[in-house]
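Work from the hints to combine the two standalone chains into their complex.
So you can see what is in the structure, the chains are spelled out below.
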Amino acid sequence: DAGVIQSPRHEVTEMGQEVTLRCKPISGHDYLFWYRQTMMRGLELLIYFNNNVPIDDSGMPEDRFSAKMPNASFSTLKIQPSEPRDSAVYFCASSLATGRHQPQHFGDGTRLSIL
Amino acid sequence: AQKITQTQPGMFVQEKEAVTLDCTYDTSDQSYGLFWYKQPSSGEMIFLIYQGSYDEQNATEGRYSLNFQKARKSANLVISASQLGDSAMYFCAMSAGFQKLVFGTGTRLLVSP
Numbered sequence: 001d002a003g004v005i006q007s008p009r010h011e012v013t014e015m016g017q018e019v020t021l022r023c024k025p026i027s028g029h030d031y032l033f034w035y036r037q038t039m040m041r042g043l044e045l046l047i048y049f050n051n052n053v054p055i056d057d058s059g060m061p062e063d064r065f066s067a068k069m070p071n072a073s074f075s076t077l078k079i080q081p082s083e084p085r086d087s088a089v090y091f092c093a094s095s096l097a098t099g100r101h102q103p104q105h106f107g108d109g110t111r112l113s114i115l
Numbered sequence: 116a117q118k119i120t121q122t123q124p125g126m127f128v129q130e131k132e133a134v135t136l137d138c139t140y141d142t143s144d145q146s147y148g149l150f151w152y153k154q155p156s157s158g159e160m161i162f163l164i165y166q167g168s169y170d171e172q173n174a175t176e177g178r179y180s181l182n183f184q185k186a187r188k189s190a191n192l193v194i195s196a197s198q199l200g201d202s203a204m205y206f207c208a209m210s211a212g213f214q215k216l217v218f219g220t221g222t223r224l225l226v227s228p
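Keeping their order, the protein sequence lines are chains A and B. Counting from 1, one number per residue, gives the positions in the first sequence under the numbering used here. Counting from 116, one number per residue, gives the positions in the second sequence under the numbering used here.
Calculated directly from the structure, the hints in this document are not laboratory data. As the structure is a prediction and not an experimental result, all values here were calculated from the model. Glycine included, every Cβ here is placed at the ideal spot set by N, Cα and C. Be a bit skeptical, because a hint or two may be false.
[Stated by the list, open to error] Covered stretches of chain A, as calculated for chain B (at least 3 residues, CB under 8 angstroms): (1) 36 to 46; (2) 89 to 97; (3) 106 to 114.
[Said to hold, decoys possible] List of simulated lysine to aspartate or glutamate pairs, DMTMM-like, C-alpha gap at most 20 angstroms: (4) K24/A / D108/A; (5) K24/A / E159/B; (6) K118/B / D56/A; (7) K118/B / D63/A; (8) K185/B / D170/B; (9) K78/A / E44/A; (10) K68/A / D57/A; (11) K131/B / D170/B; (12) K185/B / E171/B; (13) K215/B / E171/B; (14) K215/B / D57/A; (15) K118/B / D141/B; (16) K78/A / D63/A; (17) K215/B / E83/A; (18) K188/B / D137/B; (19) K215/B / E14/A; (20) K215/B / D56/A; (21) K118/B / D137/B; (22) K118/B / E159/B; (23) K131/B / D201/B; (24) K188/B / E171/B.
Here chain B stands alone, though its shape is the one from the complex (with noise of 0.2 angstroms):
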């Protein structure tokens, strides 16, 4: 069965620092998808960013991008330049086969001025 460990309940940044959040995950398969979705106060949730467990390269999406570590089984989002509009929970999840997604607990980033 597939995983995912969020191990930091709550993080803190200053605006315009740059962030990292942490995210490990357990699966079987040699096949799967880690995703990044974040939900702000309003409560929708957004996607963030995908890496494929084949892509050699990590994923960027402007100031967003994955650490993806295969060996060490982690897919850790970094968050550069934060902003206040930043300030949301982060869900980290995986996906291996049949298009389902497993979501770990989350990480609640607040940004400060």
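Chain A extracted, bound-state conformation (with noise of 0.2 angstroms):
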């Protein structure tokens, strides 16, 4: 079975221009999150989806970030303008629904460098 996937793998741009993350989760699953790791904050959830209705973006840093879930297998991470403090790994992640707490299952992430 496929895993979550997650477009591009590296990302290196110069400050000001607009960045955007791709995430196609893993069939059937309910919610996708978006999570930010760096060394200094370690892995922050951003926001998630809940049948591709947003259901939290309270860690989302500030207005420049934007997520998006148009269909139940694609959601979108945009940044604009991207800043050289947002260099870090990005993580998209899915799980089923179920009455259980479930894993998330993450894909491989994406790494971002500002310059």
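Now the structure itself:
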């Protein structure tokens, strides 16, 4: 079975440019999560969706960050304009919605460097 | 609010020995889940094992087992017969409703030959 697929794996761009990160969750999963990982702050939940609807975006750092999930098989995280402090590894994860607590399955991440 | 504490920044173990990675948690919820993830140097996050708060038996998955002590609010990961490929960062996490996960700061495990 295919896991969570993220693209690109690496992105290097100059500050001020728009960055778009993409994610395809595991088929049939109801929840999708976007995380950011840095040495200083560890893993931070940015936003998550249930059935394509954003549920909690309280972790989105600023208005420069936005996320969409137009359908069950695709989500984007956009940063516009990008800044050097946005450099991090961004993970997408998905999980099933059932009565029990479900593990989240992560993609391989996008390593973002803003120069 | 939920909180995960991993007090061991780094651990060393020799190949073929067992190692325990510590994790304590704090929550006022009765229903919650505890998870362990492995992050090798290549960067991906790999789900290892899950324990539910109402599960009476400790979870096991191959060489991984979770030593769940509810009264102490601890959920330690035990890796038996360590292998060189076990060298990685290990994160403990918990969920409490709404599918959100709270992660600890991680423990870096180094397995030596």
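- Message: Need the status of pair K188/B, D137/B: alpha-carbon distance at most 20 angstroms?
- Response: Measuring from Cα to Cα gives roughly 11 angstroms; hence the hint holds.
- Message: Next pair to validate is K78/A with D63/A; report whether the Cα-Cα distance is within 20 angstroms.
- Response: Roughly 10 angstroms separates the two Cα atoms, so the pair holds.
- Query: Mind checking, does the segment 106 to 114 of chain A have 3 or more residues with a CB under 8 angstroms from chain B?
  - Reply: holds (count 5)
- Message: Next pair to validate is K215/B with E14/A; report whether the Cα-Cα distance is within 20 angstroms.
- Response: 33 angstroms, violated
- Task: Would you mind confirming whether the straight-line C-alpha gap from K68/A to D57/A stays at or under 20 angstroms?
- Result: 11 angstroms, holds
- Message: Against the 20 angstroms threshold, does the CA-CA distance of K24/A and D108/A hold or violate the hint?
- Response: 12 angstroms, holds
- Under the criterion that the straight-line Cα-Cα distance not exceed 20 angstroms, is the pair K215/B, D57/A satisfied? Distance ~12 angstroms between K215/B and D57/A Cα, so the pair holds.
- Message: Hint check: K118/B vs E159/B, CA-CA at most 20 angstroms. Holds or violated?
- Response: Measuring from Cα to Cα gives roughly 23 angstroms; hence the hint is violated.
- Message: Hint check: K118/B vs D63/A, CA-CA at most 20 angstroms. Holds or violated?
- Response: 27 angstroms, violated
- Query: For the pair supplied as a hint, K131/B and D201/B, is the alpha-carbon distance within the 20 angstroms limit?
  - Reply: 11 angstroms, holds
- Query: Taking only the CA atoms, is the gap from K185/B to D170/B under or equal to 20 angstroms?
  - Reply: 10 angstroms, holds
- Message: Between the alpha carbons of K131/B and D170/B, is the straight-line distance 20 angstroms or under?
- Response: 29 angstroms, violated
Consistency note: the structure conflicts with the earlier hints numbered 7, 11, 13, 17, 19, 22.
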